[in-house]
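In order, the protein sequence lines correspond to chains A and B. The first sequence: position 109 = 144 (the working numbering), numbered continuously. The second sequence: position 78 = 431 (the working numbering), numbered continuously.
Careful, some of the hints might be misleading.
[Unchecked claim] Part of the chain B face toward chain A, derived, beta carbon under 7 Å:
id: 1; residue: Thr365
id: 2; residue: Gly383
id: 3; residue: Tyr391
If you're looking for bench data, these hints aren't it; they were derived computationally from the structure. Backbone N, C-alpha and C fix where the C-beta goes; we use that ideal spot for every residue, glycine too.
Each chain, letter by letter, is given below.
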Amino acid sequence: MNSMEGCAVVGIGETPVGKLEQSTSLGLHALAVREALDDASIDWQDVDGLITAGSFVDNFSRHSLTVAEYLGIAQQLSYNTSIHMGGASTAMGLMHACMAIEQGICSTVVVAGADNQRSGLRGKDAVEQYASFRHPQFEVPFGLPNPGAYAMIAHRYMFEYGVTSAQMAEVAVTIRNHAGLNPRAVFRQPITVEDVLNSKMICEPLHLLDCSPISDGGGALVVTSLAKAKANGLKPVKVAGYGMGFTHDHVIENPDLTTSGCKASGKRAFEKAGIVPADIDFAELYDCYTIAVIMQLEELGFCARGEGGSFVENGNISLKGSLPVCTHGGLLSHCHLGAPAGVFHLTEAVRQLRGESGPRQVPDPHYGLVHAEGGILSANCTVILGGL
Amino acid sequence: MIRPLPPIDPVTKEFWDGCQQEKLLIQKCGSCGTLNFYPRALCKKCHSDHLEYVEMSGRGTLYSYTIVHRAPGKTFDSQVPYAVALVDLEEGPRLLANIVNYSQIGIGMKLSSVFLTTEEGFKLPAFTPVSEKGEEG
Chain A
36 MNSMEGCAVV
46 GIGETPVGKL
56 EQSTSLGLHA
66 LAVREALDDA
76 SIDWQDVDGL
86 ITAGSFVDNF
96 SRHSLTVAEY
106 LGIAQQLSYN
116 TSIHMGGAST
126 AMGLMHACMA
136 IEQGICSTVV
146 VAGADNQRSG
156 LRGKDAVEQY
166 ASFRHPQFEV
176 PFGLPNPGAY
186 AMIAHRYMFE
196 YGVTSAQMAE
206 VAVTIRNHAG
216 LNPRAVFRQP
226 ITVEDVLNSK
236 MICEPLHLLD
246 CSPISDGGGA
256 LVVTSLAKAK
266 ANGLKPVKVA
276 GYGMGFTHDH
286 VIENPDLTTS
296 GCKASGKRAF
306 EKAGIVPADI
316 DFAELYDCYT
326 IAVIMQLEEL
336 GFCARGEGGS
346 FVENGNISLK
356 GSLPVCTHGG
366 LLSHCHLGAP
376 AGVFHLTEAV
386 RQLRGESGPR
396 QVPDPHYGLV
406 HAEGGILSAN
416 CTVILGGL
Chain B
354 MIRPLPPIDP
364 VTKEFWDGCQ
374 QEKLLIQKCG
384 SCGTLNFYPR
394 ALCKKCHSDH
404 LEYVEMSGRG
414 TLYSYTIVHR
424 APGKTFDSQV
434 PYAVALVDLE
444 EGPRLLANIV
454 NYSQIGIGMK
464 LSSVFLTTEE
474 GFKLPAFTPV
484 SEKGEEG
């Protein structure tokens, strides 16, 4: 691939996050898209592609088209689709945006992810809603909550590799420290390993602070070809590689709880980018639960199998470590939006590569990796950004 | 016991009918011999439609588990804490089910199948520990 081929993120937008009482899911999409277009200095009329991640609050069956209609841009679009892959949706959305541009179907694509699950469910409970995503016949009747599925993964992982609850807690502690440097993060007060271990038990062995809080909010990215970005004087961050990977959908069908499609998606993304894990300067991993980060570190090749716990314990994932992880505070402390949650991992990676992350800036990064997964380590997408 | 009942369909009916007779019936492929769980229209390995239900021994090993303290919704609020586990049947298939008498629960524990009855009289599979002598714990 020559230096002008491929695609780039040229704009990012974020709304505030947390409990936004007056928000609507569609309204959050609109605010995030406006921010991203402003950031890119691109006019609304130049957008010809729109990709969304759906909503757990609104029930529009053609979600991306509803958003396009809401934004008043439906007639100008030559590509419009929603990705329904849970937490992997926005990373997969960025991958689709690149594919659509590279195929010549469109030239300026907005990838938007927003929802208001915290305040918009009107009496329903997000925990109950997530539990309903389990297999209706062979999981739901037995009372398996979303954290329960990850708890089974954690127990098996502890059994096979000796990872400890304290090592998992260290993931939450480190990412909380990063959130403390991000004024937009929902949880910013420092915590200790003891705080995590003493927090309420949710599903053994996962405590409350091993789990991420549901929030309202939205984010968006503007994607163009790299050639167009350079010709128009935009500030591009190159999409260097991407890949998807799968082993199962429902946790009952995962043949080995200690591995997932992350391994294949990471391998594909590294191959497309033509780089290796040692070339990555920071990683925005999908920290829905602390155990997931430890597993992704191994699956993506940042440390050997079974060494994720000690890798974290030795300080490698902190801002001063060898591989800063979730530099914005991640799902654990910045916020978790539900299906669109991965969008802030992407916006933060772009911000880091532009050198605009302020007190939490990784020194002079060249490549950043984003991994996102949906379901129970089910739908995996890895994106590698940077390299210009 | 209050539970959300499974939305039984024509492909899964025989499995659930088996449970009502306290039998674990699993699809066996007549072409390649693969045991398929959950039930399907085609074998997940060779995609044959020659699938017949065969009865399992009910013996299994605990692959992983959790003890649920935060219930997944109102139905389960009054039932916490309870154990949910992935159980590998000795014939191969893996099922999710609740574990009764779980005080000594651990990975690798030997289990045998039992059936729990909901308030509607519907039977769901569950497992209970087996002692060293092969008796239910």
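Going through the hints against the structure:
| no. | hint | verdict |
| --- | --- | --- |
| 1 | Thr365 | holds (6 Å) |
| 2 | Gly383 | violated (22 Å) |
| 3 | Tyr391 | holds (5 Å) |
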